[in-house]
Amino acid sequence: MTSLDLLSPGTRARLVSIGGERAFRCRLMELGLLPGTALRLVRKADIGGVLELEVRGCRLTVRLGEARSLAVVPLEG
Amino acid sequence: MSTLPPTSAGRVARIALAGNPNTGKTTLFNRLTGLSAKVGNYPGVTVESESGTLRLASAGEVELADVPGTYSLSARSAEEQLAIAAICGLPPLEPPQLVLLVVDATQLTRNLYLALQVIETGTPVVIALNMWDMLAGVGVEIDAAALARELGVPAVPISAQRGQGLDELRLALDRALAEPASARPGPRWVSESPLLRADIASAAAALPRSWRVEDPRRRDALALWALLSLDEKDEISGAPKELRDVVLARRRAAADAGRELDAEIIRGRYAWIDARAPRFLLTRAQVATSRTDKVDRVLLHPVFGFAAFLLAMGLVFQSLFSWADPAIGAIESAIGWFQELVVARLPEGLAADFVGEALIEGVGSVVVFLPQIVLLFLFIGLMEDSGYMARVAFLMDRLMKAIGLHGRAFVPMMSGFACAVPAILATRTMERQRDRMLTMLVVPLMTCSARLPVYSLLIAALFPPSELFGFVPVQGLLMVGMYLFSTLVALAVTAVLGRTLFKGSSMPLLLEMPPYRMPNLRSVAAMVWRKSRVFLTEAGTVIFACTVMMWGLLSFPRDTESEARFDARASELAQAGASDEQLAELENERTAAALRYSLGGRLGRGIEPAIEPLGFDWKIGIGLLGAFAAREVFVSTMGVVYGMGGEVDDETTGLRQRIQQEARADGAPVYTPLVGLALMVFFALACQCMSTIAVVKRETRSWRWPVFLFAYTGALAWLCAFAVYQGGLALGLG
Numbered sequence: 000m001t002s003l004d005l006l007s008p009g010t011r012a013r014l015v016s017i018g019g020e021r022a023f024r025c026r027l028m029e030l031g032l033l034p035g036t037a038l039r040l041v042r043k044a045d046i047g048g049v050l051e052l053e054v055r056g057c058r059l060t061v062r063l064g065e066a067r068s069l070a071v072v073p074l075e076g
Numbered sequence: 000m001s002t003l004p005p006t007s008a009g010r011v012a013r014i015a016l017a018g019n020p021n022t023g024k025t026t027l028f029n030r031l032t033g034l035s036a037k038v039g040n041y042p043g044v045t046v047e048s049e050s051g052t053l054r055l056a057s058a059g060e061v062e063l064a065d066v067p068g069t070y071s072l073s074a075r076s077a078e079e080q081l082a083i084a085a086i087c088g089l090p091p092l093e094p095p096q097l098v099l100l101v102v103d104a105t106q107l108t109r110n111l112y113l114a115l116q117v118i119e120t121g122t123p124v125v126i127a128l129n130m131w132d133m134l135a136g137v138g139v140e141i142d143a144a145a146l147a148r149e150l151g152v153p154a155v156p157i158s159a160q161r162g163q164g165l166d167e168l169r170l171a172l173d174r175a176l177a178e179p180a181s182a183r184p185g186p187r188w189v190s191e192s193p194l195l196r197a198d199i200a201s202a203a204a205a206l207p208r209s210w211r212v213e214d215p216r217r218r219d220a221l222a223l224w225a226l227l228s229l230d231e232k233d234e235i236s237g238a239p240k241e242l243r244d245v246v247l248a249r250r251r252a253a254a255d256a257g258r259e260l261d262a263e264i265i266r267g268r269y270a271w272i273d274a275r276a277p278r279f280l281l282t283r284a285q286v287a288t289s290r291t292d293k294v295d296r297v298l299l300h301p302v303f304g305f306a307a308f309l310l311a312m313g314l315v316f317q318s319l320f321s322w323a324d325p326a327i328g329a330i331e332s333a334i335g336w337f338q339e340l341v342v343a344r345l346p347e348g349l350a351a352d353f354v355g356e357a358l359i360e361g362v363g364s365v366v367v368f369l370p371q372i373v374l375l376f377l378f379i380g381l382m383e384d385s386g387y388m389a390r391v392a393f394l395m396d397r398l399m400k401a402i403g404l405h406g407r408a409f410v411p412m413m414s415g416f417a418c419a420v421p422a423i424l425a426t427r428t429m430e431r432q433r434d435r436m437l438t439m440l441v442v443p444l445m446t447c448s449a450r451l452p453v454y455s456l457l458i459a460a461l462f463p464p465s466e467l468f469g470f471v472p473v474q475g476l477l478m479v480g481m482y483l484f485s486t487l488v489a490l491a492v493t494a495v496l497g498r499t500l501f502k503g504s505s506m507p508l509l510l511e512m513p514p515y516r517m518p519n520l521r522s523v524a525a526m527v528w529r530k531s532r533v534f535l536t537e538a539g540t541v542i543f544a545c546t547v548m549m550w551g552l553l554s555f556p557r558d559t560e561s562e563a564r565f566d567a568r569a570s571e572l573a574q575a576g577a578s579d580e581q582l583a584e585l586e587n588e589r590t591a592a593a594l595r596y597s598l599g600g601r602l603g604r605g606i607e608p609a610i611e612p613l614g615f616d617w618k619i620g621i622g623l624l625g626a627f628a629a630r631e632v633f634v635s636t637m638g639v640v641y642g643m644g645g646e647v648d649d650e651t652t653g654l655r656q657r658i659q660q661e662a663r664a665d666g667a668p669v670y671t672p673l674v675g676l677a678l679m680v681f682f683a684l685a686c687q688c689m690s691t692i693a694v695v696k697r698e699t700r701s702w703r704w705p706v707f708l709f710a711y712t713g714a715l716a717w718l719c720a721f722a723v724y725q726g727g728l729a730l731g732l733g
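Chains as they are written, first to last, in numbering that gives the first Met the number 0: chain A, 0 to 76; chain U, 0 to 733.
To be clear, the hints were calculated from the coordinates, so they are not data collected in a lab. Beta carbons: idealized from backbone N, C-alpha and C, even for Gly. Watch out, some of these pointers could steer you wrong.
[What the hints assert, rightly or not] Calculated pairs, BS3-like style, for lysine-lysine (alpha carbon to alpha carbon, straight line, at most 30 Å): (1) A:Lys43 to U:Lys37; (2) U:Lys400 to U:Lys502; (3) A:Lys43 to U:Lys696; (4) U:Lys37 to U:Lys696; (5) U:Lys502 to A:Lys43; (6) U:Lys502 to U:Lys696; (7) U:Lys400 to U:Lys293; (8) U:Lys400 to U:Lys232.
[Said to hold, decoys possible] Computed footprint of chain A on chain U, listed as stretches where at least three residues anywhere in the stretch have a Cβ under 8 Å from a Cβ of chain A: (9) 64-75; (10) 99-108.
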């Protein structure tokens with residue numbers, strides 16, 4: 000298990016848990032990113048301090064700092 | 000009810016248009032309502048509400064009211080709360096007869112989350128499956144009939160961009176209005192957990208009566224909304240304390256029992272969707288690399304992406320700064336031509352002055368902003384519609400976050416370098432009221448183009464062309480320095496205000512990166528048209544009134560005795576065969592005397608004690624007052640004050656010389672380089688621009704913020720100019 004910000008771009012993973020503030024957790028879950036959901040890290044933007052991920056066919060951006068509170072298990076393939 | 004445009008006494012049915020952001024909701028709205036849309040405001044928040052007229056075959060004219068885009072009905076802030084209020088008709092809003100829910104068919108399951116919530120409320124729903132034409136491209140197939148069966152509401156495939164399926168959509172709306180029961184199937188997901196059902200029941204019992212909770216389905220929907228929305232830190236208004244207490248107690252009790260209330264509700268809805276998705280949704284093999292991915296590889300690239308961003312912003316800035324110029328010039332000369340035309344037909348005197356210098360000038364001072372407003376909103380519309388705006392926020396987030404702002408604040412801040420008026424209007428692109436207010440209050444500090452004539456006059460007159468270290472031109476360095484200075488102050492003020500007055504909980508950045516799409520030009524044009532119209536009718540009237548007031552201030556009272564003396568001298572001179580130059584000189588003397596005698600002139604003298612510590616005399620005081628009409632007016636006001644007439648600009652050598660020669664009673668020059676610097680610092684910071692004040696008043700719907708803006712920039716300007724002048728004197732630079 001690792002955290003989302005440590006994945007390398009292109010990796011698929013399954014979300015295990017979301018930490019952080021309640022507002023952040025609720026917002027993520029309402030966007031369809033619930034524990035158990037598969038996701039893919041699309042890219043990291045170091046200049047912007049943000050990363051982009053794909054969930055349910057949608058692209059979302061999350062700040063690197065907040066991505067630390069997302070625990071994930073990388074998926075094979 | 001809100002300030003929404005009035006419907007004919009409730010006889011017209013109202014349809015609320017809701018949906019996720021980036022679903023083409025606005026394009027559909029513009030398609031269905033054309034140019035009929037009117038802009039109003041939701042009560043209590045600075046959120047615009049747009050509504051227009053939709054024609055249906057049997058229901059006739061129906062009002063279509065746009066609801067701000069949202070991923071969910073649950074809310075934390077007053078703005079997010081609008082969605083539930085508009086869809087359920089929570090006071091003071093009236094409930095709509097129907098909700099038209101726009102769904103992005105290419106991202107169906109996430110969009111269905113909102114659909115379930117809206118259906119739960121018991122308001123009849125018709126679903127528009129937008130982007131239907133793009134399904135093949137993303138490798139997805141949808142059975143619309145099966146989806147409609149599962150949801151229990153009509154679902155119509157459309158393409159708002161291409162205008163496909165709109166007739167079928169209108170038909171479905173018409174039918175649902177005639178038979179609301181056919182679009183009100185009751186809640187889809189119902190929790191089977193007795194624990195959660197008990198939580199819902201106890202929140203339902205605490206709902207206020209004013210929310211009209213007779214219908215048990217609506218009551219449960221609102222209870223679920225409260226359970227997801229209310230917490231210790233929410234900014235929701237109108238929720239009674241009793242309800243909040245119940246929700247907090249229930250959530251705490253659940254947590255103590257190892258349950259997570261939010262997750263139970265959200266997971267329940269998604270589980271319902273995921274379990275049924277195979278019946279209407281077929282996802283074929285993943286498409287290799289989408290077009291969006293290929294474009295983003297460049298546009299979000301650490302080097303090329305940033306270069307492209309700078310290029311795009313450079314284009315926007317260049318267009319505001321120089322391409323708008325010919326149009327502004329054309330408007331100014333048209334106004335001037337019209338002035339001459341009208342004034343020539345009126346008898347010379349007060350009436351002609353009033354019509355020409357107050358009324359027509361007043362109209363001109365409003366219309367002159369249009370080229371920049373149209374251009375900026377054209378670019379913003381294109382960036383929003385194409386999906387690039389989300390990338391701007393992505394690229395700029397770290398920088399803007401450092402000063403406590405959202406990445407989206409970048410475009411308004413940058414536009415402020417051209418003109419604060421369109422920049423303040425552009426703060427609308429930010430969702431949060433806090434971000435919008437903060438940006439609005441610092442944008443006027445950016446060095447707008449109206450400050451340039453003032454700077455260039457002062458720099459040219461007081462700082463002789465010379466080089467620092469033999470190669471850095473001092474004049475250019477000063478100009479660059481003024482830009483840097485104002486930007487640094489703006490950033491510092493943002494950081495301070497953002498940590499004090501607008502503290503607000505920091506919102507997690509959760510942005511959607513929509514796929515790139517071809518912008519719909521008709522939709523963008525309709526948006527530009529509405530923005531311009533709102534500016535002309537709302538901010539424009541205030542600016543117009545201020546221009547007329549300024550004219551009155553600088554023209555009254557009139558000194559009839561002195562005018563009679565000037566008349567006598569003019570006719571003497573004319574009889575003596577004086578040259579035109581001598582007559583013009585006399586005329587300039589006369590206008591200078593009239594200005595000094597006017598209320599504005601006396602005010603300028605009245606404020607002399609206040610500006611003396613900055614090194615300014617009363618003549619500069621009059622110039623500062625005149626500059627309130629628009630900063631560049633400072634130049635022509637100084638021309639009048641110095642008896643050179645108002646037809647001067649920053650290139651006029653006479654005015655430069657006059658400034659160099661202007662002396663105090665003791666013979667010392669008024670304008671030393673130090674005074675010039677203090678004056679420029681004052682101009683850089685003071686929000687002495689009535690148009691900016693008027694626009695802030697319009698956008699915040701109160702006088703509180705424009706007054707605050709004027710007061711804080713004025714105080715800051717005074718203090719900084721004071722520090723420069725007195726500090727300079729102390730260092731012996733006077």
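Cross-check of the supplied hints:
1. A:Lys43 to U:Lys37: Violated: A:Lys43 and U:Lys37 sit about 41 Å apart, past 30 Å.
2. U:Lys400 to U:Lys502: holds, 13 Å
3. A:Lys43 to U:Lys696: Cα-Cα ~41 Å, so violated.
4. U:Lys37 to U:Lys696: Given that 30 Å is the threshold and the Cα spacing comes to 20 Å, the pair holds.
5. U:Lys502 to A:Lys43: holds, 29 Å
6. U:Lys502 to U:Lys696: OK: U:Lys502 and U:Lys696 at ~22 Å, within 30 Å.
7. U:Lys400 to U:Lys293: holds, 28 Å
8. U:Lys400 to U:Lys232: holds, 21 Å
9. 64-75: Since 4 is at least three, the answer is holds.
10. 99-108: holds (count 3)
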